[in-house]
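Peer 1: Okay, here's what each chain looks like letter by letter:
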Amino acid sequence: MKYAYFPGCSAESTARDMHASTTAVARSLGIELVEPKGWTCCGATAGHQTDRFLAAALPAASLAKVKDTGLDMVVSCAACYNRMKIANHEISASPDLRKGVGEALGRDYDGSVKVRHFLEVLLNDVGTETLQGSVKRSLNGLAVACYYGCLLVRPHDVTCFDDPENPTSMDRLVTALGGRALEWPHKVECCGGGLSLSRTDVVVRLTESILGMAQAAGAGCIVVACPMCQINLDMRQLDIEKQMGKSYRMPVLYITQLIGLCLGLSPDELGLDKLMISATDVIQAVGVA
Amino acid sequence: MTITIKKDKRVKGLLRRIADMTGADLGVCYQCKRCTSGCPVSKLAASGPAEMMRRLHLNAGDELLDSDIIWTCVSCETCSARCPMGIDVAAVMDAMRTLAREKRAARQKGNVPLFNLAFLQSVRLFGRSYDIAMITAYKLGTLKLMNDTDKFPAMLRKRKIALLPPLGADRKTTRRIFKKARQRKEAGL
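Quick note, the sequences are listed as chains A and B, same order.
Positions 147 to 435 (this note's numbering) are the ones given, in order, by the first sequence.
Positions 8 to 196 (this note's numbering) are the ones given, in order, by the second sequence.
Derived by calculation from the structure, the hints in this document are not laboratory data.
Watch out, some of these pointers could steer you wrong.
In the DSSO-like style, the derived pairs of lysine-lysine whose C-alpha atoms are separated by at most 30 Å in a straight line are [stated by the list, open to error]:
no., chain 1, residue 1, chain 2, residue 2
1, B, K146, B, K50
2, A, K392, B, K165
3, B, K158, A, K388
4, A, K183, B, K186
5, A, K183, B, K110
6, A, K183, B, K50
7, B, K165, A, K388
8, B, K158, A, K245
9, B, K158, A, K392
10, A, K260, B, K158
11, B, K179, A, K213
12, B, K187, A, K183
13, A, K392, B, K146
14, B, K146, B, K186
15, B, K146, B, K187
16, A, K260, B, K179
17, A, K260, B, K146
18, B, K19, A, K148
19, A, K183, A, K282
20, A, K245, B, K179
21, A, K213, B, K192
22, B, K165, B, K50
23, A, K245, B, K186
24, A, K388, B, K151
25, A, K213, A, K260
26, B, K146, A, K245
27, A, K282, A, K388
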C-alpha cells in the first residue's frame, strides 16, 4: 500500500504528535507514505474566509505535485482534508477557476487527485480484521468518546465521509482494538476550530459543552482526527478551569495515538508527552508499564 | 425577530452580489430556521443565519455587513449540511466576510480578519503557516499581548510549537498564487 501523504503545517508545529503517530502507525502496518516535495499550506479557514480563489489554488498547489504519480493523497489533518476536497470539487466544476489556478501554478490541474483521510485508509484498505491481527495490547474495555467535529463530515456531498450526523469510523476502530465506543450526542458538534485565538470566548464555550457531554457519557478519553479539535479540546481545558471553575482533566488523543499504543508502539514514539492533559490513565489502561 | 429595512431606491441590496459570488439560489429559502437551530454560535450573536437570509431577501444593503454573526461564525457548515433546500449558507457567510472586508464594515469582538491576515501573510512568506510569527503579528495587532501566554512555557517545554520557520515549502508557487488572487480581485473576477 503506497500513498502520497500530506502532513499539513500543524504537523511541523502544534500537531507533531499527530504526524508522529500517523507515520508510526503506517510503518507498523506496512503502509508506505510519500511526502510530495515542497508541499504548501492549504490556506485553512483563513483562506476560505478571505478569498475563494486562494481557497482553491492553495490546496491545488500540493495536489498538482501528486497528480503525475497516480497516487491517492492521504491526509491526517481534517482541515487540510476538507480544503483539498472542496478545492477539487470547485476546480472540476468551474472551467474559469481551473484556468486561473492553472495559470498561478504554471500547469493545468483538473481537480482529479483522490483525497483520502488516513482513517479511510485504515478502515477500507487495511480493514479492521487485519488491524485486529496486528494488535499487541487491547484497550481492555476503555470507554472512548469518538469526536469527529465538522471538517470530516461537512459538507457531506463533497467530503462523502461516513454518515454526516452519526459517523462511526473511529468507533469501529476503537471497537476493533477492544475499547468501548460510546454512543454520545456531540460527535459532530463544532469545537470552534480556527477561531481559537481570534474568538477564544466562543471556543471555550463550545469545547466546554463537548467535554461536559463526554464526561456525562462516562468517557475515559476523547479521540479526534483533527489538530484543531485536539488543541482546542485539550488546551482550552486550562481556560475552562480558570474561567468556569470546572475541572475535566479529560485526555484528548489522536485516534492514531490510541491505535499506536495497541500496536505496541511506545508513548514517546507516538508523541503522547505533548498532550497538555496527561494521558497516563489511558496508557495504563492499555497496560503499558 | 424584528427586521427593519431602509426603503431607499439608491441603496443597492447585497442579494444579487452574494448570489453571484456563491452561485447559490437564495430565493428558495423558506425560513424553516434549521440553520439557526443547528448553529453552535447563533445564541452568541445578535442574529442567526436564518435572519441573514431573510434580510438578504428583503434587499438589505451594506448595513448587513456590520452583523456580528459574520465574525462569530465558526465555519462549521452545520447550516449548509442541514438546509432542506440545499443552500450553501456557509458560503453565504464567506461571501459576506469578503464583502465586509472590502467595504471596511465594523469589526466586532475579537478580530477574525486580522487573524486571517496574519495567517495568510505567514503562508505567503514561508509557503506554510509559521505559528510563532503569525501569533506575534496577530497579538501586536490586537494589543492583547498577554492572552494565552500562560500556556506558552508548557508548549515550549513539550516542543508543541515550532520555533524555527518552516523550510522546504515551494514558496515560489505560493507567491504566484497570492499574486494571481490579487490580480483577479483587481480585475473584478
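Peer 1: All the hints need checking, so say for each whether the structure fits it.
Peer 2: Results of checking the hints against the structure:
1. B:K146 / B:K50: holds (27 Å)
2. A:K392 / B:K165: Holds, because 24 Å separates the two Cα atoms, which is no more than 30 Å.
3. B:K158 / A:K388: Between K158 of chain B and K388 of chain A the Cα gap is close to 12 Å, so the pair holds against 30 Å.
4. A:K183 / B:K186: Holds, at roughly 22 Å.
5. A:K183 / B:K110: Between K183 of chain A and K110 of chain B the Cα gap is close to 39 Å, so the pair fails against 30 Å, i.e. violated.
6. A:K183 / B:K50: violated (45 Å)
7. B:K165 / A:K388: holds (21 Å)
8. B:K158 / A:K245: violated (45 Å)
9. B:K158 / A:K392: Given that 30 Å is the threshold and the Cα spacing comes to 18 Å, the pair holds.
10. A:K260 / B:K158: violated (38 Å)
11. B:K179 / A:K213: holds (19 Å)
12. B:K187 / A:K183: holds (23 Å)
13. A:K392 / B:K146: holds (27 Å)
14. B:K146 / B:K186: holds (26 Å)
15. B:K146 / B:K187: holds (28 Å)
16. A:K260 / B:K179: holds (25 Å)
17. A:K260 / B:K146: The given pair, whose Cα atoms are some 38 Å apart, is violated under the 30 Å limit.
18. B:K19 / A:K148: Violated, at about 54 Å.
19. A:K183 / A:K282: Distance ~34 Å between K183 of chain A and K282 of chain A Cα, so the pair is violated.
20. A:K245 / B:K179: Between K245 of chain A and K179 of chain B the Cα gap is close to 19 Å, so the pair holds against 30 Å.
21. A:K213 / B:K192: Holds, because 28 Å separates the two Cα atoms, which is no more than 30 Å.
22. B:K165 / B:K50: Since the Cα atoms of K165 of chain B and K50 of chain B sit roughly 36 Å apart, the hinted pair is violated (cutoff 30 Å).
23. A:K245 / B:K186: holds (15 Å)
24. A:K388 / B:K151: Cα-Cα ~18 Å, so holds.
25. A:K213 / A:K260: Holds. K213 of chain A to K260 of chain A sits at ~9 Å (cutoff 30 Å).
26. B:K146 / A:K245: violated (37 Å)
27. A:K282 / A:K388: Between K282 of chain A and K388 of chain A the Cα gap is close to 40 Å, so the pair fails against 30 Å, i.e. violated.
The structure shown violates the earlier hints numbered 5, 6, 8, 10, 17, 18, 19, 22, 26 and 27.
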